[in-house]
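Number of protein chains: 2
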Amino acid sequence: MDQLIFEPNINDLNIIIIGSGNIAYHLCKAFSKTDINIDGLHARNEKEGLRLAKMSKCAYYPHISEIPENCDIYLICVSDDAIKNVVDHLPDHIKKQRIVAHTSGSKSMEETMKTCNNAGVFYPLQTFTKGKRMTYRAIPFCINGKNEDTRQTLSLLANKISESVQFIDDEQRKNIHLSAVLINNFVNHLIHASELLLKKKSIDPSILQPLLLETIKKQKSLGALEAQTGPARRMDSKTIAAHLDLLKNHPAFQKIYDALTRSIQQTYNPKK
Amino acid sequence: MDQLIFEPNINDLNIIIIGSGNIAYHLCKAFSKTDINIDGLHARNEKEGLRLAKMSKCAYYPHISEIPENCDIYLICVSDDAIKNVVDHLPDHIKKQRIVAHTSGSKSMEETMKTCNNAGVFYPLQTFTKGKRMTYRAIPFCINGKNEDTRQTLSLLANKISESVQFIDDEQRKNIHLSAVLINNFVNHLIHASELLLKKKSIDPSILQPLLLETIKKQKSLGALEAQTGPARRMDSKTIAAHLDLLKNHPAFQKIYDALTRSIQQTYNPKK
Chain A
24 MDQLIFEPNI NDLNIIIIGS GNIAYHLCKA FSKTDINIDG LHARNEKEGL RLAKMSKCAY
84 YPHISEIPEN CDIYLICVSD DAIKNVVDHL PDHIKKQRIV AHTSGSKSME ETMKTCNNAG
144 VFYPLQTFTK GKRMTYRAIP FCINGKNEDT RQTLSLLANK ISESVQFIDD EQRKNIHLSA
204 VLINNFVNHL IHASELLLKK KSIDPSILQP LLLETIKKQK SLGALEAQTG PARRMDSKTI
264 AAHLDLLKNH PAFQKIYDAL TRSIQQTYNP KK
Chain B
24 MDQLIFEPNI NDLNIIIIGS GNIAYHLCKA FSKTDINIDG LHARNEKEGL RLAKMSKCAY
84 YPHISEIPEN CDIYLICVSD DAIKNVVDHL PDHIKKQRIV AHTSGSKSME ETMKTCNNAG
144 VFYPLQTFTK GKRMTYRAIP FCINGKNEDT RQTLSLLANK ISESVQFIDD EQRKNIHLSA
204 VLINNFVNHL IHASELLLKK KSIDPSILQP LLLETIKKQK SLGALEAQTG PARRMDSKTI
264 AAHLDLLKNH PAFQKIYDAL TRSIQQTYNP KK
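Going line by line, the protein sequences match chains A and B.
Quick note, the first sequence lines up with residues 24 to 295 if you use our numbering.
Quick note, the second sequence lines up with residues 24 to 295 if you use our numbering.
In case anyone wonders, no lab produced these hints; they're calculated from the structure.
Treat each hint with caution, since some may be false.
If several chains are the same, the list does not tell them apart, and a pair holds so long as it fits within one copy or across any two.
[Said to hold, decoys possible] Simulated crosslink set (DSS-like; lysine-lysine; CA at most 25 Å straight-line):
1. Lys137 with Lys153
2. Lys278 with Lys183
3. Lys52 with Lys169
4. Lys294 with Lys56
5. Lys294 with Lys222
6. Lys278 with Lys119
7. Lys70 with Lys294
8. Lys261 with Lys119
9. Lys294 with Lys278
10. Lys240 with Lys155
11. Lys119 with Lys80
12. Lys118 with Lys271
13. Lys261 with Lys243
14. Lys80 with Lys70
15. Lys243 with Lys223
16. Lys137 with Lys240
17. Lys278 with Lys261
Chain A extracted, bound-state conformation (with noise of 0.2 Å):
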């Protein structure tokens, strides 16, 4: 029996909720869908965190200083630039004797935390939108922790929500983070490049979803590397140079079609 060094009975855990933005509503929303109860939240802007309290059935807290200090978890859901002085606010016994964790994907654990004894990330890999309807049981948490104890109980936590998780340390998830700039915000403007473009030309753009679709399905079943195709992978100079033509407009566009097509032309022909 000696493994059980922790076994927190994880129904009986009080859980409080500081911030009132897109991760602070669908935590609240993913734990209404659970046996865990929210016992309080704190944000700044009193309407949409009085909004938030009342959704979750718990006490609002104007002001930080008020938060009950007897409670085992502080997720601290808000911007990355002011979680540090969120902590700073944090009453001196909540930093010492709780699990104090934020919900970034890029801000240290270390640096940010650093006079919590137990602090520790509570990262969701995915883009929110307040109001928007999710499925929560696929949603990666990327758990990380201070101490054994720390790791252990939010990853218990985490459980109640998702399906998916996993313990990643801080150099791990800064790359997760930067992976999903790539996949989400350079996806998604990728996306409204085109659309730009195919506007001005009178087409609907609704034409590529489907392209759009088979693309996401292809990589998944063939793997991103196999799944290359085009003009850039078989060096196929005249297309390319149509479509630099083609954006002479579109400044910026033709810088990402470029330094795309070169990192493609290298990754498969990396001689040249």
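Given chain A, work out where chain B should sit, using these hints.
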């Protein structure tokens, strides 16, 4: 009744397929699910040509000079650079009397088929892999033709396969093909880059799949312009610098990151 200038009995059309690559394969498959019969197939690659002809229960012609001259539509499904050579070797009677259409996204109709009186384009906007099962009804077909009869006939033929058939002129088609490169080739390469970054940190890249799926869903419901988030849009120079630093051993990815970040910044903060 005057508006019915031309109303071919589409079920009676005789079709010849030229080529045995991905598009030829999938057009054969797609026609096999309709009441359209393929009359014959020519391909330089005898093994693949015979295989496709057998699959389509039609005659295989090893030499282009042997294909029957009395068919209605000749679909040239070969790589861009091979189209002109096929047209050059087509019997004159076919070029004068029949509909000759290529399936390319980027090649001009006029330039590649100027010797054909009834030249046309029959471009399916999709990424094809031999052997992969596909839903043909949703694939957008871009149709063009030198004259109204050609456009009408090709459009009726495409409608046998797909619910999404549009008249698209050469200028529009070139922009659609460029957009397809952004949406398919470039998105796929960004996925590859992410997978590479994660594998180097011993993370299973499948962790990104739920985010990728949500990215596609979100742009569809909100529109890509509205759906954009991330460090570039919010001008978060600290995170951008940290990401460029993480990519310091990948100069080609750094250039992609830089070009996409600048383009997003210009889109949402045009003054800076």
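* **List of violated hint numbers, smallest to largest** => 1, 2, 3, 4, 6, 7, 8, 11, 12, 13 and 16
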